Amino acid sequence: MRASSARPIALVALGAALLLIGSWWGLAKAPGEVFMGDVQRIMYVHVPTAWNAMLALTFAFVCAVCFLFTNAWKWDNRLEAAMEMGVVLSLLLCMQGSIWAKPTWGVWWDWDPRLTTTAVMVFAFGGILALRAFVDDPVKRAVWSSVACIVAFVDVPIVYFSVKWWNSLHQAQSTPQTVSSAFHWPLRINAFGILFLWIGLVGLRAQVAAHRRRGEMAPPLPEKRPATSRAQVTGGAA
Amino acid sequence: MSGVIEGGWEYVVAAYAVTAVVLGAYATSVFLRLRSEKARGNTEASS
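As given, the protein sequences belong to chains G and S, one line each in that order.
Quick note on this note's numbering: the first sequence kicks off at 201 and runs consecutively.
Quick note on this note's numbering: the second sequence kicks off at 436 and runs consecutively.
The hints are simulated quantities; they were obtained by calculation from the structure and are not laboratory data.
Just so we're clear, the structure is a prediction, and the values are computed from it rather than from any experiment.
Treat the hints loosely; a few may be bogus.
Stated by the list, open to error - According to the in silico footprint, chain G covers these stretches of chain S (three or more CB under 8 Å from chain G):
hint, stretch
1, 449-459
2, 465-479
Stated by the list, open to error - Using 20 Å as the maximum straight-line C-alpha spacing, the simulated EDC-like pairs for lysine to aspartate or glutamate come out as follows:
hint, chain 1, residue 1, chain 2, residue 2
3, G, K302, G, D238
4, S, K473, G, E416
5, G, K274, G, D336
6, G, K364, G, D312
7, G, K274, S, E445
8, G, K274, G, D337
9, G, K340, S, E445
10, G, K229, S, E472
11, G, K302, G, E416
12, G, K364, G, D310
13, G, K302, S, E472
14, G, K340, G, E416
15, G, K302, G, E233
16, G, K340, G, D355
17, G, K302, S, E445
Yeah, the Cβ is synthetic: ideal placement off N, Cα and C, and Gly gets one too.
Assemble the whole structure, with the sequences as input and the hints as a guide.
What follows is the structure, encoded as structure tokens:
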């Protein structure tokens with residue numbers, strides 16, 4: 201059965217709308233932070249991007265495990281889509297973080313544990329996507345990238361806990377207890393906005409992967425023959 | 436020195452602009468790839 205694009209497109213539209221509302225709230229309505237002032241408004245896109253990057257890569261991990269257990273192609277399609285989305289969100293996360301780091305830390309980048317483990321995450325999953333592009337056999341590609349995804353996923357909890365395990369320049373995780381209640385709504389709206397956006401995009405990107413694989417695995421088209429009558433084709437049974 | 440960051444709107448605008456550009460570009464690329472794959476599938480099915 202071929203998947204419909206209507207539901208993922210609706211999710212993308214809903215996500216984009218929420219992201220616009222949350223961003224407007226964060227930029228125009230929410231108060232500035234006591235020490236960081238207006239620069240703290242970057243948090244409303246940076247923190248939801250971080251949560252969703254890790255969530256997308258966790259979904260990729262789940263897809264990899266499900267593919268290895270079931271051998272169902274839908275999991276390989278979702279794995280490819282979720283890894284690509286996770287890499288895009290992680291790259292975006294690094295760019296936003298770098299922009300935030302300059303006015304607060306005085307540098308664009310620092311080899312601090314959180315930033316270093318995030319860079320490792322980007323390169324590991326980006327490398328798996330590159331590996332997929334070089335493997336022609338769909339079965340080998342699916343199995344290898346599932347195994348590689350499971351190995352690379354080890355870095356995701358390390359990224360999350362790095363600020364607790366090591367002395368980091370980066371602040372600890374943002375939770376309702378560590379963030380003022382005035383900042384909750386734009387943060388939550390943007391978090392759900394990016395969540396719906398990536399779920400919709402992963403749904404559409406998985407369809408791209410399914411179309412491509414169908415093309416790869418389809419038998420070659422027969423050469424064109426001279427037109428024959430229906431009676432000949434059906435063996436004269438009609 | 437108060438320890439409070441003054442201004443910095445240019446960084447805020449840059450962060451939101453980067454977010455819009457990256458997510459917008461990726462969404463566009465997914466829609467274009469899906470359209471192209473569907474068109475290719477239809478061509479193969481009709482040939």
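Which hints from the list above does the structure break, by number from lowest to highest? Violated: hints 7, 9, 10, 11, 13, 16.
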